[in-house]
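2 protein chains.
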Amino acid sequence: MYILLVYDIISDEEGARVSRNVFKICKKYLTNIQKSVFEGNLKKSELIKLEYELKNFIRKDKDSIIIFESRSENWVDKKFIGKKDDKTSNIF
Amino acid sequence: MYILLVYDIISDEEGARVSRNVFKICKKYLTNIQKSVFEGNLKKSELIKLEYELKNFIRKDKDSIIIFESRSENWVDKKFIGKKDDKTSNIF
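As they're listed, the protein sequences go chains A and B.
Going by my numbering, the first residue of the first sequence is number 1, and it counts up by one from there.
Going by my numbering, the first residue of the second sequence is number 1, and it counts up by one from there.
Any given hint might turn out to be false.
Stated by the list, open to error - Subject to a maximum C-alpha distance of 25 Å in a straight line, what follows is the list of computed PhoX-like cross-link-like pairs (lysine-lysine):
1. A:K24 with B:K27
2. A:K24 with B:K79
3. B:K49 with B:K27
4. B:K28 with A:K83
5. B:K79 with A:K28
6. A:K49 with A:K24
7. B:K43 with A:K62
8. B:K24 with B:K55
9. A:K83 with B:K84
10. A:K27 with B:K84
11. B:K44 with A:K84
12. B:K55 with B:K44
13. A:K43 with A:K55
14. A:K62 with B:K83
15. B:K27 with A:K84
16. B:K44 with A:K60
17. A:K28 with A:K84
18. A:K62 with A:K35
19. A:K78 with B:K35
20. A:K55 with B:K84
21. A:K24 with B:K28
22. A:K60 with B:K78
23. A:K84 with A:K35
24. B:K55 with A:K55
25. A:K60 with A:K83
26. B:K35 with B:K60
27. B:K28 with B:K44
28. A:K27 with A:K43
29. A:K49 with B:K83
30. B:K35 with A:K55
31. A:K78 with B:K27
32. A:K27 with B:K62
33. B:K78 with A:K78
34. A:K60 with A:K28
35. B:K35 with B:K83
36. B:K35 with A:K27
37. A:K55 with B:K78
38. A:K24 with B:K78
39. B:K62 with A:K83
Derived by calculation from the structure, the hints in this document are not laboratory data.
Required output: the full structure, derived from the provided sequences and hints.
Below, the structure written as structure tokens:
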């Protein structure tokens with residue numbers, strides 16, 4: 001399963017710590033392709049673990065994570081405008 | 001065609017102006033679902049116009065836009081963790 005994850009952490013007093021932890025968790029499972037954007041291929045069980053870990057950190061009323069799932073990366077074309085983050089080249 | 005667009009504009013002196021313009025352009029074509037994340041359904045011709053307009057504003061060496069295309073929104077499942085932006089409900 002191809003996963004794309006984007007997050008927006010409110011930058012208040014606690015926000016920096018939450019953001020660091022969310023970044024670290026995402027990096028365990030996915031590739032960072034833009035500031036708060038990650039992508040990669042995960043099994044269902046891995047995705048469930050990722051979501052569980054993230055839910056322990058974000059503040060439900062302030063922060064937002066969106067996870068896009070597609071059956072295969074072949075179903076999603078990706079195009080860069082401007083600066084490209086080279087780490088992604090191994091996905092496409 | 002289902003489109004998901006994410007951008008990261010470097011916040012230097014000129015960045016605020018670039019970011020405002022990128023946001024305004026994206027809003028003409030797509031729905032804002034998170035700080036710098038937009039989605040929607042576009043025809044190929046509309047996507048070409050959107051890309052053309054964006055290229056006039058971003059700084060190729062600093063800023064980054066990634067456009068994900070999928071033949072149909074049915075090929076992409078979307079899940080929110082934390083705060084949800086209601087504007088998206090008309091897409092799914």
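To see whether the hints hold, each was checked on the structure:
no.: 1; hint: A:K24 with B:K27; in the structure: 31 Å, violated
no.: 2; hint: A:K24 with B:K79; in the structure: 20 Å, holds
no.: 3; hint: B:K49 with B:K27; in the structure: 13 Å, holds
no.: 4; hint: B:K28 with A:K83; in the structure: 23 Å, holds
no.: 5; hint: B:K79 with A:K28; in the structure: 20 Å, holds
no.: 6; hint: A:K49 with A:K24; in the structure: 14 Å, holds
no.: 7; hint: B:K43 with A:K62; in the structure: 34 Å, violated
no.: 8; hint: B:K24 with B:K55; in the structure: 14 Å, holds
no.: 9; hint: A:K83 with B:K84; in the structure: 29 Å, violated
no.: 10; hint: A:K27 with B:K84; in the structure: 23 Å, holds
no.: 11; hint: B:K44 with A:K84; in the structure: 23 Å, holds
no.: 12; hint: B:K55 with B:K44; in the structure: 17 Å, holds
no.: 13; hint: A:K43 with A:K55; in the structure: 19 Å, holds
no.: 14; hint: A:K62 with B:K83; in the structure: 6 Å, holds
no.: 15; hint: B:K27 with A:K84; in the structure: 23 Å, holds
no.: 16; hint: B:K44 with A:K60; in the structure: 37 Å, violated
no.: 17; hint: A:K28 with A:K84; in the structure: 21 Å, holds
no.: 18; hint: A:K62 with A:K35; in the structure: 19 Å, holds
no.: 19; hint: A:K78 with B:K35; in the structure: 20 Å, holds
no.: 20; hint: A:K55 with B:K84; in the structure: 14 Å, holds
no.: 21; hint: A:K24 with B:K28; in the structure: 34 Å, violated
no.: 22; hint: A:K60 with B:K78; in the structure: 17 Å, holds
no.: 23; hint: A:K84 with A:K35; in the structure: 12 Å, holds
no.: 24; hint: B:K55 with A:K55; in the structure: 36 Å, violated
no.: 25; hint: A:K60 with A:K83; in the structure: 32 Å, violated
no.: 26; hint: B:K35 with B:K60; in the structure: 21 Å, holds
no.: 27; hint: B:K28 with B:K44; in the structure: 15 Å, holds
no.: 28; hint: A:K27 with A:K43; in the structure: 16 Å, holds
no.: 29; hint: A:K49 with B:K83; in the structure: 20 Å, holds
no.: 30; hint: B:K35 with A:K55; in the structure: 20 Å, holds
no.: 31; hint: A:K78 with B:K27; in the structure: 20 Å, holds
no.: 32; hint: A:K27 with B:K62; in the structure: 23 Å, holds
no.: 33; hint: B:K78 with A:K78; in the structure: 17 Å, holds
no.: 34; hint: A:K60 with A:K28; in the structure: 22 Å, holds
no.: 35; hint: B:K35 with B:K83; in the structure: 12 Å, holds
no.: 36; hint: B:K35 with A:K27; in the structure: 21 Å, holds
no.: 37; hint: A:K55 with B:K78; in the structure: 16 Å, holds
no.: 38; hint: A:K24 with B:K78; in the structure: 22 Å, holds
no.: 39; hint: B:K62 with A:K83; in the structure: 6 Å, holds
In summary, the numbered hints that this structure violates are 1, 7, 9, 16, 21, 24, 25.
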